[in-house]
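A.B. asks: Heads up, the sequence shown is in the working numbering, so the first residue is 1 and it goes up one at a time.
None of these hints come from the bench; they were simulated from the model. Source: prediction; values computed, not measured. By construction, the Cβ of each residue, glycine as well, lies at the ideal position given by its N, Cα and C atoms. Any given hint could be a false lead.
[Stated by the list, open to error] Simulated DEER-style distance windows between Cβ atoms:
1. S103 - R69: 24 to 32 Å
2. T45 - I107: 27 to 35 Å
3. A21 - S88: 32 to 40 Å
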Amino acid sequence: METYRLGAMEMRFAQLIWNSAPVSSGELVKLCQRELGWKKSTTYTMLRRLCERGLFQNIGGVVSPLLTREEFAARQSEEFIEQTFHGSLPQFLAAFSTRKKLSEQEIDEIRRLIDGQRG
1 METYRLGAME MRFAQLIWNS APVSSGELVK LCQRELGWKK STTYTMLRRL
51 CERGLFQNIG GVVSPLLTRE EFAARQSEEF IEQTFHGSLP QFLAAFSTRK
101 KLSEQEIDEI RRLIDGQRG
């Protein structure tokens, strides 16, 4: 299974791309220098790493996402539930709700999601 975990700086970098995409690699270098204090080489190293992991692409000097922020979050969630709860969403919800009581609104939203899956 591919891993969709990012370190803190990788996540900040990914957020910059998602917020700016599509963005030229030159503009991304300037953005990272301003926002993260990175040098050009650091930006390109990080970009190469995240492109190799299938999150972004750099074609013709234009950087764009291969996964939306939402798709990435969904894959992170799936991976966490798979590794921590052996893929059992009910076990995850049971563990989650023992520490945090779900509001009526949250319960209703979960019910709507489940009903939508029955389709």
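A.B. asks: Look at each hint and say if it fits the structure.
C.D. replies: Here is what the structure says about each hint:
1. Hint check: S103 to R69, Cβ distance near 25 Å, so the stated range 24 to 32 Å holds.
2. A C-beta distance of roughly 46 Å is found between T45 and I107, which places it outside the suggested range of 27 to 35 Å.
3. Taking 32 to 40 Å as the suggested C-beta distance range, the pair A21 and S88 conforms, at roughly 35 Å.
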